[in-house]
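Undergrad: Here is how the chains run, residue by residue.
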Amino acid sequence: MVSLAELFWTYFRIGLLGFGGPFSLVSIQQRTAVDQKKWLTEAEFAECMGIGSLTPGPISSGTAAVTAYRLRGFSGAAVAYFAFHLPAVVLVIILAATWRQAETFPWVRGALRGVGAAVVGVLCGVALNTGRSLIKDLRSGLVAGGATLALAAFGVNPILVMAAAALTGVLLLRPVRRPEPTASAGTDDVKGGQ
Amino acid sequence: MLSTLLSLFVTTFGIGALTFGGGYAILPVLQYQYVSKLHLLTAQEFATGIVIGQMTPGPLTTMVAFVGYRIAHVPGGIVASVGILLPAFLAAVGVARVYHRFQDVSGVKAALRGISLAVVGLLVAAIIPLARDMVTTLFTLALAVIGFVSTGPWRKDPVWVLLASGIVGAFLLR
Numbered sequence: 001m002v003s004l005a006e007l008f009w010t011y012f013r014i015g016l017l018g019f020g021g022p023f024s025l026v027s028i029q030q031r032t033a034v035d036q037k038k039w040l041t042e043a044e045f046a047e048c049m050g051i052g053s054l055t056p057g058p059i060s061s062g063t064a065a066v067t068a069y070r071l072r073g074f075s076g077a078a079v080a081y082f083a084f085h086l087p088a089v090v091l092v093i094i095l096a097a098t099w100r101q102a103e104t105f106p107w108v109r110g111a112l113r114g115v116g117a118a119v120v121g122v123l124c125g126v127a128l129n130t131g132r133s134l135i136k137d138l139r140s141g142l143v144a145g146g147a148t149l150a151l152a153a154f155g156v157n158p159i160l161v162m163a164a165a166a167l168t169g170v171l172l173l174r175p176v177r178r179p180e181p182t183a184s185a186g187t188d189d190v191k192g193g194q
Numbered sequence: 001m002l003s004t005l006l007s008l009f010v011t012t013f014g015i016g017a018l019t020f021g022g023g024y025a026i027l028p029v030l031q032y033q034y035v036s037k038l039h040l041l042t043a044q045e046f047a048t049g050i051v052i053g054q055m056t057p058g059p060l061t062t063m064v065a066f067v068g069y070r071i072a073h074v075p076g077g078i079v080a081s082v083g084i085l086l087p088a089f090l091a092a093v094g095v096a097r098v099y100h101r102f103q104d105v106s107g108v109k110a111a112l113r114g115i116s117l118a119v120v121g122l123l124v125a126a127i128i129p130l131a132r133d134m135v136t137t138l139f140t141l142a143l144a145v146i147g148f149v150s151t152g153p154w155r156k157d158p159v160w161v162l163l164a165s166g167i168v169g170a171f172l173l174r
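Protein chains in written order, with our numbering: chain A, 1 to 194; chain B, 1 to 174.
Please keep in mind that the hints were generated in silico from the structure rather than gathered at the bench. Note that the structure is predicted; figures quoted are calculated from it, not measured. Using N, Cα and C, we set each Cβ at its ideal position, and we do this for glycine too. Hints are supplied without guarantee of correctness; some may be wrong.
Footprint (simulated), chain B over chain A, 3 or more residues, beta carbon under 8 Å [said to hold, decoys possible]: (1) 32 to 42; (2) 56 to 62; (3) 112 to 124; (4) 133 to 147; (5) 160 to 169.
Start from the sequences and build out the full structure, keeping to the hints where you can.
TA: Structure follows, in structure tokens:
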């Protein structure tokens with residue numbers, strides 16, 4: 001069985017070296033847990049990642065919790081989860097504390113204004129790609145459009161909008177049960193299935 | 001102080017429980033709550049927080065520690081981080097426990113789909129106030145367009161365009 005100390009140091013290291021967004025954070029975990037430590041098979045890790053992306057919060061965080069849970073139960077998951085986030089939280093707090101002094105230099109202010117403008121563009125790009133991958137038909141377009149309107153034009157509380165979207169999803173976006181292509185069942189099944 | 005920390009914890013816990021997909025889903029909600037509604041941070045400060053979140057390792061979500069720090073110093077940073085990360089932990093471990101029974105529930109998948117669609121709206125709503133503060137000249141508009149094209153259609157890692165804009169800004173926007 002994997003020791004708690006080993007879990008701590010493994011996930012601390014991943015959290016410290018994990019630059020470059022969710023994809024790289026998950027692939028570092030995969031390389032470590034599957035290739036290096038041989039704790040899990042490729043397929044088992046994929047299952048952990050699946051659960052990690054189904055649950056709220058960052059995909060990499062969820063994946064770390066589920067993987068460690070599999071390896072060492074609740075205490076393992078708690079230790080790994082703590083260790084994974086520790087470096088980032090400490091670094092963000094240190095930077096938050098020192099940023100105000102740095103901001104008095106004109107070139108730092110200039111750099112921040114430059115980055116701030118680029119952040120606007122980056123968020124537009126993220127919105128575009130997220131929208132393109134999620135909006136598949138009229139119904140999903142209506143949900144996304146409705147949420148945008150409620151938030152951007154009417155200033156509805158985002159948590160309320162998320163809850164409403166979840167409910168709308170249950171009512172409108174259930175996957176249509178398609179008939180098996182080999183069976184003789186035709187379109188009748190689709191009607192009957194709903 | 002204690003009531004500030006308590007409300008910080010309750011709000012971040014709620015946000016953490018209802019946002020799927022991490023950083024980009026959480027940012028707009030944090031911005032609405034702490035910039036637009038409570039005015040505890042300016043849009044400029046919030047953008048700085050995003051940049052710090054990008055610069056540091058680990059999930060972007062940990063930029064919440066910056067928001068928490070600005071509201072209640074080091075305890076605020078810790079409380080906000082714990083608040084936002086705790087629901088994800090409980091949910092992941094809980095689902096891992098009952099995974100085999102939960103796998104094929106179509107209602108759960110549909111609810112998650114609805115939520116991820118709302119994230120698109122959240123992003124758009126977050127961009128508007130940020131753009132109003134950040135994009136004020138033709139030059140900053142050009143930086144925003146470059147940021148959009150490189151991450152949107154070209155799908156490049158945003159770290160590079162943000163870094164380059166910072167360097168350009170240090171020389172030309174001071």
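Undergrad: Closer than 8 Å, Cβ to Cβ, for at least three residues: run that test on the stretch 112 to 124 of chain A against chain B and report holds or violated.
TA: holds (count 13)
Undergrad: Against chain B, does the stretch 32 to 42 of chain A show at least 3 residues with beta-carbon separation below 8 Å?
TA: violated (count 0)
Undergrad: Count the residues of the stretch 160 to 169 of chain A with a beta-carbon closer than 8 Å to any beta-carbon of chain B: does the count reach three?
TA: n = 9 at 8 Å, threshold three: holds.
Undergrad: Taking 8 Å as the Cβ threshold, is the statement that the stretch 56 to 62 of chain A is covered by chain B upheld or broken by the three-residue rule?
TA: Answer holds; 7 residues pass the 8 Å Cβ test.
Undergrad: State whether the coverage of the stretch 133 to 147 of chain A by chain B holds or is violated, taking the criterion as 3 or more residues with Cβ-Cβ distances under 8 Å.
TA: holds (count 8)
Hint 1 from the earlier list is the only one contradicted by this structure; the remaining hints agree with it.
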